[in-house]
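K.L.:
Could you slot chain P onto chain Y? The hints should help.
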Amino acid sequence: MHALRSLSIANLRSFLRDRPALFWTLAFPILFIILFGTIFSGGGNPNYDVGWVDQDGTPAAAQVRTAFERTGLLTLHDGNLAEEQDAMRHGTISAIVVAPKGLGDALAAAQGGGVSGSVQLGLYTDPTRSTASATLLQIANGVATGLNLALSGRPPVVTIENQSLQTEQLSTVSYFVPSILAMALMQLGIFAAIPLVQQREKLILKRLNATPLPRWTLVVSNIAVRLVIAAVQTALLVAIGVWVLGVQLSGDWLRILAVVGIGAVTFVSIGYVIASFARTEEAANGMTSIVQFPLMFLSGIFFPLEIMPSWLRSVATFMPLTYLGDALRQVMVGGTPFVPLWADMAILGGWLVACLAISARFFRWQ
Amino acid sequence: MAASPELARPPQPDGVPVIDVHDVRKSYGDVRAVDGVSFQVAPGEIFGLLGPNGAGKTTTMEMLEGLHPPDSGRLTVLGLDVSHRAREIKERIGVQLQTPALFPQLTVEELLRLFGSFFKRHLDVEMLLRLLDLEEKRTARSKTLSGGQGQRLSVALALVNDPEVVFLDEPTTGLDPGARRRLWQVIGDLKAQGRAVLLTTHYLEEAEELCDRVAIMDHGRILDIGTSDELIGRRFHERAVQFDTIAALGTETMVGLPGVVRHKTEDGSTVLYTRDVPETIGGLLRAASAVGTEPRNLLVRRATLEDVFLELTGRALRD
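Note that the protein sequences, when read in sequence, are chains Y and P.
The first sequence: position 89 = 79 (our numbering), numbered continuously.
The second sequence: position 258 = 1218 (our numbering), numbered continuously.
Please note that a few of the clues may not be correct.
Below, a list of computed lysine-lysine pairs in the DSSO-like style, where the Cα atoms sit at most 30 Å apart [stated by the list, open to error]:
| hint | chain 1 | residue 1 | chain 2 | residue 2 |
| --- | --- | --- | --- | --- |
| 1 | Y | Lys196 | P | Lys1103 |
| 2 | P | Lys1080 | P | Lys1151 |
| 3 | Y | Lys192 | P | Lys1080 |
| 4 | P | Lys1103 | P | Lys1080 |
| 5 | P | Lys1080 | Y | Lys196 |
| 6 | Y | Lys196 | P | Lys1151 |
| 7 | Y | Lys192 | P | Lys1103 |
Per the computed footprint, the stretches of chain Y lying under chain P, defined by three or more beta-carbons under 8 Å from a beta-carbon of chain P, are [stated by the list, open to error]:
| hint | stretch |
| --- | --- |
| 8 | 3 to 9 |
| 9 | 82 to 95 |
These are computed hints drawn from the structure, not numbers from a lab.
Note that the Cβ used here is the ideal one computed from N, Cα and C, for glycine as well.
Excised from the complex, chain Y in its bound form (with noise of 0.2 Å):
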């Protein structure tokens, strides 16, 4: 035990000291998250900048402009159709609502109990933009409508009462944190085949095997190692998490833990896959690489699987990742699950059984 430990402490010392490893298990997934944060943070809800171009001038118009207002989803930039038009060219509006010639009259006629023609309000959208585009027709569809109802005097039937289904509302920053922890374990754990290599190109572990120290001390001091800055990375991204971005975290610390140490446990396991096959640190650094980026970007950890093409979705279905990412998701923030928590567990145990048989097969000392 005395020489597990200070294999341990000689190897977080070796960690620590070791700048370029610090910032990329530390800092880069603490930079990561505040990015994304400040990216998707912003009220929760998204707001728009729209022209607005007012053709007819009557006080009936400028209460229309009010409704539009009032949804509070929207910031209006009043000008005439031409200027907007060129504002929108240029992006800094996403859409041109037209209020046009009669629409006083219209109104004020439809008041007066009487029959007119309808009118229709122009709404100019970039259908390059779709997802702005359809948001900003619902809005304005959802006000013409509330006009229209008003009008009519009756009070509604049917109204749509909007309820979350998942128990806590599983914002975008919220999905993203337990994301961002997956990739930092996943980055933790295939990382830890360029110590190795190194230590056995400067042949370090032969030299340890030069000692009576059993091999397994070796291995185990690795995983604890590993499993200590899993720790200290998950709280530190948890702490930001929830101090800086303010979301919500479940309190089950046990069950987050367990899928801490599982995940990092994995990953740590393909990295002594990789370790057994790369000969030289380079070697190492380039398939860790090839086997990273795939991995980050290929597993529905940054975009939910749903909106993923059906392709890339099967291709998801593979990743390791995806999993570790979505029991993350489902214990520290109860978000929806792609497959049943233990159904992660045990793909990701599978995983690990996997590559810790090829690792005892090939893995060599010298």
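P.N.:
Same frame as chain Y, but now just chain P:
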């Protein structure tokens, strides 16, 4: 770096060799790295494996350290069979590999404590720092050490468990002459403390100076074993007269000089082996002046291991 009383060990039982290698073979692919090697090392003896790179010295040593299994043959250390009881042996031997293999980010002191923790029995770190002259470097990370300092640290790590047998693989390679002498002193002290030392070297001077007995290796085989005097005495009863080759004097003239038994020309210098030094030199000077010159860099010496090596392998052993 005088012999330290703290390091004194009880003497080993006499008669039983601490290292026993019997007809050991090891091949890598088509290359026979070690091809039927046998030797024994007695308690308290410094035994040297001498030979050029690729002679099989390191492979032999690393098989004894339990790092490679032999293809055939028997290896015994401290009376224990290496193939079955490597763990017990590793507990009691000290190993220095040819390349210092150190965690680059750890300091000298941390490394000594780390390696100490691997063994049941370990020596005081302060004492090791003093012994290998590393006290000033205790807080230096190992990657910042010079070649000589790294080499000394490797030796210190080999002593950390108070070993009964010490394996040193080219311990002084790359050291300046002063550092080499100091390390010889430390190795000599190991013997004084009752430890056996097996070392490999390609420095003839080191083998002659330091080793009680030497095995000359080439191409995976041991060509001869003995003390320096035995190895030299078996072949050379003569003195060697050496000088820069004089082109105008042919082989017949050389062999015809009084007292000369044999002669060799190697690398621009001529060596005459003679039973009568004054007669030979007198004859040489006369022969040289007859062709209008005189011998340059003339020296008279006893035959050395260098001559033995040349005799055994047909070529010189160079640093």
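K.L.:
Any hints this thing doesn't respect? Which numbers, in order?
P.N.:
9
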